[in-house]
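Engineer: Take a look at the letters that make up each chain.
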Amino acid sequence: MTEIRGIYTLWLREVKRYLRDRARIISSFVQPLLWLLIFGSGIRFSGTIGNLTYQQYIFPGIIGQTLLFTSMFMGISVIWDREFGFLKEILVAPISRFSIFLGKMLGDSTDAVIQGIIVFVLGFLLGIRLDPLTFLEALPVMILITFGLVGIGLTVASFIESLESFGVIQSFINLPLFFLSGALFPIRGDVPNWLQIISSFNPLTYGIDALRTIILGNAWQPLNPLYFNLLIVCGFDAVMMTIGTLAFSRRK
Amino acid sequence: MRPLENAIETSELTRRFNGLVAVDRLSISVERGEVFGLLGPNGAGKTTTISMLCTILKPTSGSARVNGFDIVKQDMQVRKSIGIVFQDPSIDDRLTGRENLYMHANLYGVPPGEQKSRIDRVLKLVELEDRADDILRTYSGGMRRRLEIARGLIHYPRVLFLDEPTIGLDPQTRGHIWSYIEDLRKAHDITMVLTTHYMEEADRLSDRIAIMDYGKIVVSDTPSGLKETLEGDVITVKTKEADRLSSLLAGTAGILKASVVDDRLEVTVRGGKALLPRIVEAAAKSGVFVESVSLREPNLEDVFLHYTGRAIRPEGGDELHGMAAIRRRSIK
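Taken in sequence, the protein lines are chains A and B. Here the first sequence is numbered in my numbering, starting from 1 and rising by one per residue. Here the second sequence is numbered in my numbering, starting from 1 and rising by one per residue.
No lab work stands behind these hints: they were computed from the structure. Just so you know, not all the hints are guaranteed correct.
What the hints assert, rightly or not - Take a look, some chain B residues computed to stay more than 12 Å from chain A by CB distance: (1) ASP24; (2) SER63; (3) PRO112.
Said to hold, decoys possible - Taking lysine to aspartate or glutamate and the DMTMM-like style, the derived pairs with C-alpha atoms no more than 25 Å apart in a straight line are: (4) LYS16/A with ASP88/B; (5) LYS73/B with GLU3/A; (6) LYS58/B with ASP24/B; (7) LYS238/B with GLU5/B; (8) LYS273/B with GLU231/B; (9) LYS216/B with GLU12/B; (10) LYS73/B with ASP130/B; (11) LYS16/A with ASP134/B; (12) LYS58/B with GLU161/A; (13) LYS273/B with GLU291/B; (14) LYS80/B with GLU34/B; (15) LYS116/B with GLU3/A; (16) LYS80/B with ASP81/A; (17) LYS16/A with GLU99/B; (18) LYS16/A with GLU129/B; (19) LYS58/B with GLU83/A; (20) LYS16/A with GLU114/B; (21) LYS16/A with ASP133/B; (22) LYS16/A with ASP93/B; (23) LYS58/B with ASP88/B; (24) LYS73/B with ASP24/B; (25) LYS58/B with ASP190/A; (26) LYS227/B with GLU34/B; (27) LYS16/A with ASP120/B; (28) LYS238/B with ASP203/B; (29) LYS216/B with GLU241/B; (30) LYS80/B with GLU3/A; (31) LYS16/A with ASP130/B; (32) LYS58/B with GLU137/A.
Backbone N, C-alpha and C define an ideal beta-carbon position, used for all residues, glycine too.
Let the hints inform the model, and build the full structure from the sequences given.
Structural biologist: And the structure:
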């Protein structure tokens, strides 16, 4: 019971901190809007993918991108807690490292999913055909994708010393995962073989494919069946939770 | 648990960092209800000792029990039974004071029905009721410290660790914190372990003091006992003819030691108040012009000097500001 209350209170903290950061919430509208409105429209007039407009095509990809960037950022922010000493208060509390990890992961994931929902709303405003049922189906998939990604962030954070390494993470984790996920172009057909192979190791590829299947329906020819995509994403979550907990326990 | 058991008992407690011995076979015991002061300069091993007792750090060898629980095998029980005020800030500055306290109550399993009343009580203790719902960012350094002390009490710890509780605070705030600590002990009958490099702080708050240097306890006694180990008062006479005065006084009853430092004669005496006029008299009789005289009773500073051969150094530059302070806070 103590463990559950501990997890709850750590979750609550992350969500409160997030909701109080007005600047971040406002800026969270801007980036996806730029991608959808400018990048999406620009390419849209150069071509279509199947019978989808480019904007429709990248929309699930931009949700995936938002989940990725936010999750990583939130996960990494544990370094901030360390720098400012707050982590000490948590680490010395009588709750297990697994609960600490879980509380942080759930809190960060909630924040990331809220960001994802914001993109959903933007898509609606941009006239991408969406109905409430689609949203309800997409939501659990978004949550599943987020868990593993936050896990990466938290794991990375326990290995690096300062936030100065954030640029390195952007270059070596965020952008490769984004570009190799099929978010911006379909990983099939004429796309070089090496790129297809690398992408098949990216869990986000499966997550975004699942989102497309749900959001675009029949207009999209999935890379993999939905159940297979979800299985990979769940496996990814389990692996990251294990690694993350170990990484968290390692710190002394 | 046996009622007579000591609050803390360590046996040959040792911690090494890459060959460097931070804490060297430390064996101390702290009685229930006492305030135990761990006094020593930066790098003496005080924080390392506390970290081990709080189960944040595992000892390299040796053992310790806190509230009867083994710090390695029963770390969760130890954690539940202690409160800690860290040397470096450890509160969330985006939350309000009250939110920080609720979070702590939840982390320590305080029953939800009791949380509100306990939190109100500790806020009152540190006089922060009016500011409880403000975001921490708007608090001053002293207010944050008070909130951290309040936080450390919510789960009714039987031992409270205070690691440098007034470091970096201005003298007035320091005085306030001291009186909270004194009130606390009167009202709650709590055992406290205090680390400090401020002599005055250790002297005022502790029942017993252990002077720590290079990972070892140099000496341990009550503050007055420690002062008594220094044999007497120090009379400093400022004069151009310090050497002549020194030979004039040789053999005077009550004088234990006399040494010349520049144009000063430092005389260690038994019963300084009575001897001071005699010394001035002797100087006047022989035509030695005395510029000034001072009498000082020994303080812990002298005790430290006496046992370690050097003056106590301020901890890491004493007051750190800006990024330096932030860096110091990170746990490595």
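Engineer: Indicate, hint by hint, whether the structure satisfies it.
Structural biologist: Comparing the hints with the structure gives:
1. Interface exclusion of ASP24/B from chain A stands, the closest Cβ pair being 20 Å apart, more than 12 Å.
2. Annotated as non-interface, SER63/B keeps its C-beta farther than 12 Å from every C-beta of chain A; the closest such distance is 18 Å.
3. Non-interface status of PRO112/B relative to chain A is broken: a Cβ of that chain comes within 12 Å, the nearest being about 8 Å off.
4. Restraint check for LYS16/A and ASP88/B: the C-alpha separation of about 24 Å stays at or below 25 Å, so the hint holds.
5. Taken as a hint, the LYS73/B and GLU3/A pair is honoured in the structure, with Cα atoms around 19 Å apart against an allowance of 25 Å.
6. With a C-alpha separation of about 14 Å, the suggested pair LYS58/B and ASP24/B falls inside the 25 Å cut-off, and the hint holds.
7. Distance restraint check for LYS238/B and GLU5/B: the Cα-Cα separation of roughly 53 Å exceeds the 25 Å cut-off, and the hinted pair is therefore not satisfied.
8. At most 25 Å may separate the alpha-carbon atoms for a hinted pair to count; LYS273/B and GLU231/B meet this at roughly 14 Å.
9. Note on LYS216/B and GLU12/B: the hinted pairing holds, with a Cα-Cα distance of about 10 Å set against a maximum of 25 Å.
10. The straight-line distance between the Cα atoms of LYS73/B and ASP130/B is roughly 42 Å, outside the 25 Å bound, and the hint therefore fails.
11. At most 25 Å may separate the alpha-carbon atoms for a hinted pair to count; LYS16/A and ASP134/B meet this at roughly 14 Å.
12. Taking the CA atoms of LYS58/B and GLU161/A, the gap is near 21 Å; set against the 25 Å cutoff, the hint holds.
13. A hinted pair counts as satisfied when its Cα atoms are at most 25 Å apart, and LYS273/B with GLU291/B qualifies at roughly 18 Å.
14. For the hint linking LYS80/B to GLU34/B, the alpha-carbon distance of about 20 Å falls within 25 Å, and the restraint holds.
15. Annotation: proposed proximity of LYS116/B to GLU3/A holds, straight-line Cα distance about 20 Å (limit 25 Å).
16. Taking the CA atoms of LYS80/B and ASP81/A, the gap is near 22 Å; set against the 25 Å cutoff, the hint holds.
17. Of the supplied pair hints, the one linking LYS16/A and GLU99/B holds, its CA atoms being roughly 10 Å apart against a limit of 25 Å.
18. With a C-alpha separation of about 22 Å, the suggested pairing of LYS16/A with GLU129/B holds against the 25 Å cut-off.
19. Under the criterion of a C-alpha separation no larger than 25 Å, the hint pairing LYS58/B with GLU83/A is consistent with the structure, at around 22 Å.
20. This hinted pair checks out: LYS16/A and GLU114/B have alpha carbons roughly 23 Å apart, not beyond 25 Å.
21. At most 25 Å may separate the alpha-carbon atoms for a hinted pair to count; LYS16/A and ASP133/B meet this at roughly 14 Å.
22. As the CA atoms of LYS16/A and ASP93/B are separated by approximately 12 Å, the hinted pair is consistent with the 25 Å bound.
23. At roughly 20 Å between alpha-carbon atoms, LYS58/B and ASP88/B fall within 25 Å of each other, so this suggested pair holds.
24. Under the criterion of a C-alpha separation no larger than 25 Å, the hint pairing LYS73/B with ASP24/B is consistent with the structure, at around 21 Å.
25. At roughly 57 Å between alpha-carbon atoms, LYS58/B and ASP190/A are farther apart than 25 Å, so this suggested pair is violated.
26. This hinted pair checks out: LYS227/B and GLU34/B have alpha carbons roughly 19 Å apart, not beyond 25 Å.
27. The straight-line distance between the Cα atoms of LYS16/A and ASP120/B is roughly 22 Å, inside the 25 Å bound, and the hint therefore holds.
28. Our distance criterion of 25 Å between C-alpha atoms is broken by LYS238/B and ASP203/B, whose separation comes to about 29 Å.
29. Proximity of LYS216/B to GLU241/B is assessed by CA-CA distance (about 42 Å); at most 25 Å being required, the pair is judged violated.
30. With a CA separation close to 13 Å, the supplied pair LYS80/B and GLU3/A stays within the 25 Å bound.
31. At most 25 Å may separate the alpha-carbon atoms for a hinted pair to count; LYS16/A and ASP130/B meet this at roughly 22 Å.
32. Restraint check for LYS58/B and GLU137/A: the C-alpha separation of about 48 Å exceeds 25 Å, so the hint is violated.
Checked against the numbered hints above, the structure breaks hints 3, 7, 10, 25, 28, 29 and 32 and satisfies the rest.
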